[in-house]
Every structure is written in C-alpha cells, then in structure tokens.
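*Asks:* Add 39 to the 1-based position in the sequence shown for the numbering used here, that's all there is to it.
Wrong hints could be hidden among the right ones.
Cut-off 30 Å, straight-line C-alpha distance, at most; resulting in silico cross-link-like pairs (DSS-like, lysine-lysine) [what the hints assert, rightly or not]: (1) Lys82 / Lys48; (2) Lys121 / Lys65; (3) Lys82 / Lys65; (4) Lys65 / Lys83; (5) Lys62 / Lys75.
In case anyone wonders, no lab produced these hints; they're calculated from the structure.
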Amino acid sequence: VLNISPILKRNNIKLGVIINADKNNKSNDSYVSESKKNYLNFKKYVRYNPDEFIIQSWSHFPNVIIPNGKDPSHIDMVSFIKGNDS
Numbered sequence: 040v041l042n043i044s045p046i047l048k049r050n051n052i053k054l055g056v057i058i059n060a061d062k063n064n065k066s067n068d069s070y071v072s073e074s075k076k077n078y079l080n081f082k083k084y085v086r087y088n089p090d091e092f093i094i095q096s097w098s099h100f101p102n103v104i105i106p107n108g109k110d111p112s113h114i115d116m117v118s119f120i121k122g123n124d125s
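Assemble the whole structure, with the sequences as input and the hints as a guide.
*Replies:* Right, dumping it as structure tokens:
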C-alpha cells in the first residue's frame, strides 16, 4: 500500500481497502466484531489512510444493513470506521 500510494495520487487514482470478516461467521455479532478487529489491525500495522474503506460481505452475515436496535449491521461498521478514522 505504501509503495503504490504516491503513484496512485499522482495519477488521481483513489485507493480503497476492503474491510470484511471470515465467511464462516455464524452471526451478525461475530461478523461485525471480527470486521472491527480487522479494521483496527489495518490501522495499527499499515498506518496509512486510504481514500476510502469498503465494507462488504460475501457471506450470509451480517444480514442486517440498517440498525434495528438488536443486531449489529453494515451501518454499524460504517459508523465505527467513521468514528475511528483519522
């Protein structure tokens, strides 16, 4: 990421990083929890802010997009990243 980022910036190409979790998660809670850990590990070890973070899932979970008051959702991940992005 660090080596290619100056080239991308010079050419006005945005860099996005996908934040997801293991496809074998069995609940919204486990998927969102693991996604948060993956995001925090990226921030800790890479120490680079890409132009955007992409939140996606290739599995059944999380199966809630908009918060419903009881299950973690995709929007909860957006809020988490927005609150921790610097």
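*Asks:* Taking the hints in turn, state whether each one holds.
*Replies:* Comparing the hints with the structure gives:
Distance hint between Lys82 and Lys48 is fulfilled; the C-alpha atoms sit about 20 Å from each other, no more than 30 Å. Among the hinted pairs, Lys121 with Lys65 is consistent with the structure: their alpha-carbon atoms are about 25 Å apart, no more than 30 Å. Distance hint between Lys82 and Lys65 is fulfilled; the C-alpha atoms sit about 26 Å from each other, no more than 30 Å. Under the criterion of a C-alpha separation no larger than 30 Å, the hint pairing Lys65 with Lys83 is consistent with the structure, at around 26 Å.
For the proposed pair Lys62 and Lys75, the alpha carbon gap of about 15 Å is at most 30 Å, so the pair holds.
Hint check: no violations occur; every hint is consistent with the structure.
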